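Protein sequence lines, in the order shown, are assigned to chains A and B.
My numbering applies: residue 55 is where the first sequence begins, and numbers increase by one.
My numbering applies: residue 23 is where the second sequence begins, and numbers increase by one.
Derived from the structure by calculation, the hints contain no laboratory data.
Just so you know, these numbers come straight off a predicted model, no measurement behind them.
Just so you know, not all the hints are guaranteed correct.
Which chain B residues stay away from chain A? Per the calculated CB distances, all over 10 Å, these [as the list claims (entries may be wrong)]: (1) Leu101; (2) Ala110; (3) Val161; (4) Leu172; (5) Ser246; (6) Asp263.
With a Cα cut of at most 27 Å, we get these calculated DSS-like pairs of lysine-lysine [as the list claims (entries may be wrong)]: (7) A:Lys298 to B:Lys126; (8) A:Lys184 to A:Lys141; (9) B:Lys121 to A:Lys375; (10) A:Lys113 to B:Lys154; (11) B:Lys188 to B:Lys207; (12) A:Lys124 to B:Lys154.
We put the beta carbon where it would ideally sit given N, CA and C, even for glycine.
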Amino acid sequence: MAVQSEPVRVQSPGGVKGSPLGSGRPVVGPSLLSRSTPYLLLLPAIVATLALLGWPLVKTFELSFQNLNKRQLILHLTEWNGFSNYKDQLTSSEFWHTTGRTIAFTTVNVVLIMVGGTLVGLLLNRLGKKMRILLQAALMLAWAMPIVAAATVFSWLFDSRFGVVNWFLDQLGWHSMANYNWYSSQYGTFFVIILLIVWQSIPFVAFNMYAGLTTIPAELYEAARMDGAGSWRIFRWVVFPSLKPFFLSTTFLEIIWVFKSFAQILAVNAGGPQGLTQTLPFYAYIQGTGNQHYGIGATIAVLTILMLVVLMAYYFRIILKQEDEL
Amino acid sequence: MRRSIIGRSWPNAIAVVLFVFFMFPVYWMFSTAFKRNSDIISKTPVFFPLRGTLEHFSTATGAAQFWEMVGNSFTVTVLAVLGSLVIATLASFAIARMKFRGRKSFVLVIMLAQMAPWEVMTIAVYMIVREKDMLDSLVPLTLFYMMMVLPFTIWTLRGFIAAVPKELEESAMVDGCTRTQAFVKVVFPLLAPGLMTTSLFGFITAWNELPLVLILNKATGPGSAQTLPLWLTSFQSLFGDDWGATMAASTLFAIPVLIIFLFLQRNAVGGMTAGAVKG
Numbered sequence: 055m056a057v058q059s060e061p062v063r064v065q066s067p068g069g070v071k072g073s074p075l076g077s078g079r080p081v082v083g084p085s086l087l088s089r090s091t092p093y094l095l096l097l098p099a100i101v102a103t104l105a106l107l108g109w110p111l112v113k114t115f116e117l118s119f120q121n122l123n124k125r126q127l128i129l130h131l132t133e134w135n136g137f138s139n140y141k142d143q144l145t146s147s148e149f150w151h152t153t154g155r156t157i158a159f160t161t162v163n164v165v166l167i168m169v170g171g172t173l174v175g176l177l178l179n180r181l182g183k184k185m186r187i188l189l190q191a192a193l194m195l196a197w198a199m200p201i202v203a204a205a206t207v208f209s210w211l212f213d214s215r216f217g218v219v220n221w222f223l224d225q226l227g228w229h230s231m232a233n234y235n236w237y238s239s240q241y242g243t244f245f246v247i248i249l250l251i252v253w254q255s256i257p258f259v260a261f262n263m264y265a266g267l268t269t270i271p272a273e274l275y276e277a278a279r280m281d282g283a284g285s286w287r288i289f290r291w292v293v294f295p296s297l298k299p300f301f302l303s304t305t306f307l308e309i310i311w312v313f314k315s316f317a318q319i320l321a322v323n324a325g326g327p328q329g330l331t332q333t334l335p336f337y338a339y340i341q342g343t344g345n346q347h348y349g350i351g352a353t354i355a356v357l358t359i360l361m362l363v364v365l366m367a368y369y370f371r372i373i374l375k376q377e378d379e380l
Numbered sequence: 023m024r025r026s027i028i029g030r031s032w033p034n035a036i037a038v039v040l041f042v043f044f045m046f047p048v049y050w051m052f053s054t055a056f057k058r059n060s061d062i063i064s065k066t067p068v069f070f071p072l073r074g075t076l077e078h079f080s081t082a083t084g085a086a087q088f089w090e091m092v093g094n095s096f097t098v099t100v101l102a103v104l105g106s107l108v109i110a111t112l113a114s115f116a117i118a119r120m121k122f123r124g125r126k127s128f129v130l131v132i133m134l135a136q137m138a139p140w141e142v143m144t145i146a147v148y149m150i151v152r153e154k155d156m157l158d159s160l161v162p163l164t165l166f167y168m169m170m171v172l173p174f175t176i177w178t179l180r181g182f183i184a185a186v187p188k189e190l191e192e193s194a195m196v197d198g199c200t201r202t203q204a205f206v207k208v209v210f211p212l213l214a215p216g217l218m219t220t221s222l223f224g225f226i227t228a229w230n231e232l233p234l235v236l237i238l239n240k241a242t243g244p245g246s247a248q249t250l251p252l253w254l255t256s257f258q259s260l261f262g263d264d265w266g267a268t269m270a271a272s273t274l275f276a277i278p279v280l281i282i283f284l285f286l287q288r289n290a291v292g293g294m295t296a297g298a299v300k301g
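Construct the complete structure from the given sequences, taking the supplied hints into account.
Here it is in structure tokens:
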């Protein structure tokens, strides 16, 4: 990609030039061409976004108003059915169960991630250099692991017969856990999924937290300590207020990420047992593609998107308050 | 302020516990991949395998179409990243350096696009791709992966471009360059680290993507357009309880990403704050 600087004149891609700049004067009056330059530069990005993001988004809404199952798909039929998919879903107990489950799942994950990440971040700030680098390396590895690879490793760790977790629990004296099948129950499966997500997400929060902590001037701590504040009070009255924007934005980012999680659910136990660990995005996938009720899948997708939009609205309110430079 | 030995050493003690907690799964993946089968299924786990084997790696790489999947994954990922780099360089230059109407709304759209719920849009993407008769092909996959990494790429490159002093460009123009030349000769070379970082993050996103390829490219067999994440999720069902081979497969899949992270390290935190990589 690196462009070397030898053949100068050949390289300028035509059309993008601000016209009278060749005269050697950087400040020029706006000609039509130079006024349209930014739009020309943005054009490819806009076209890509409309075609590859806008279209699927519109299509999702469109499909949600259709009766589209295997038969209609094969025969290329378009059967509009108004709001009936929505009526079905909003009165379906399975949908509301899944929604409740998704909210509970997200809450548990995000609380663990934020509390864990904050504590690890505070610890990083306190460690000596060698220990810190060591812990950072471990965090980095956990973070870097591709989700699918990590999920596979966790299935192996929690394998019922040869898994190291069951062996360890057995050694601790919890003998009923030898050969325990984690995937046979809803809570067992959720435990593995949550541990997997928390394990991979804490590093992000911890690193951000640590980076934020290093920006707090040491005098603030000293002053607080002089006034006799203990660790908790220092956190509550010095660290937290300085990093409040960070806490807010990271929390919302994590909520959105966890709410959307799909690969972990699929790779750990494919939503089982009996669909009891399906969350909304996975439920939409199962209804849509798995059971070939594409219209219904799209309806669930739209409802999920609407919930995400509410979350994102909050997130952007926080972000936009922070970034005036936009 | 004086602290007792215990008071001083507890952070280190906790750090060691956390180190094990975060490191162990990764270590376990590597070590299982190199362990002999007898050590994998022993009653007491073998924590430090002294007698290793490469047998599992040959099982994994010998699996049907393994190399095809590797090829697919690399093709899709590299093309998606290059495509988004080109588009993003143009766009980010505009938003970093030019004033125009609609700039703010464009930036807002980019930020929103970064959080696009791809996971639940797969059904619609499937319908679109099916209408175009392009299922089981690498082309739509490349295009959509490009779109997935595009907002992040624009957003990050904008920061890198804004960091290049405007005066450099202006003095080049005083010396007779056109604005395009000034960009190509002055700004672009300075952007190299930025382009590098951004493309590596894009690489990770595209390399790891699962929901879309899962729904678009179902066909297996020779000439299939499946990618490594999909292969890895089916690996367990293919190889059953052969955990050695499964871990070898995971290792092979994870290695490129782990290497990239090692390379990025410092930039990782700031880069990720922008949000796209976790998807």
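Each hint, compared with the structure:
1. Leu101: holds (14 Å)
2. Ala110: violated (7 Å)
3. Val161: With a cut-off of 10 Å, Val161 (chain B) remains clear of chain A, as the shortest Cβ separation is near 12 Å.
4. Leu172: The claim is violated: Leu172 (chain B) sits with its nearest Cβ about 6 Å from chain A, within 10 Å.
5. Ser246: Fine: 17 Å to the nearest Cβ keeps Ser246 (chain B) off the interface.
6. Asp263: violated (8 Å)
7. A:Lys298 to B:Lys126: Satisfied, since the Cα-Cα distance of roughly 26 Å is no more than 27 Å.
8. A:Lys184 to A:Lys141: violated (60 Å)
9. B:Lys121 to A:Lys375: holds (21 Å)
10. A:Lys113 to B:Lys154: holds (14 Å)
11. B:Lys188 to B:Lys207: holds (14 Å)
12. A:Lys124 to B:Lys154: Answer holds: Lys124 (chain A) to Lys154 (chain B) is near 18 Å, not above 27 Å.
Checked against the numbered hints above, the structure breaks hints 2, 4, 6 and 8 and satisfies the rest.
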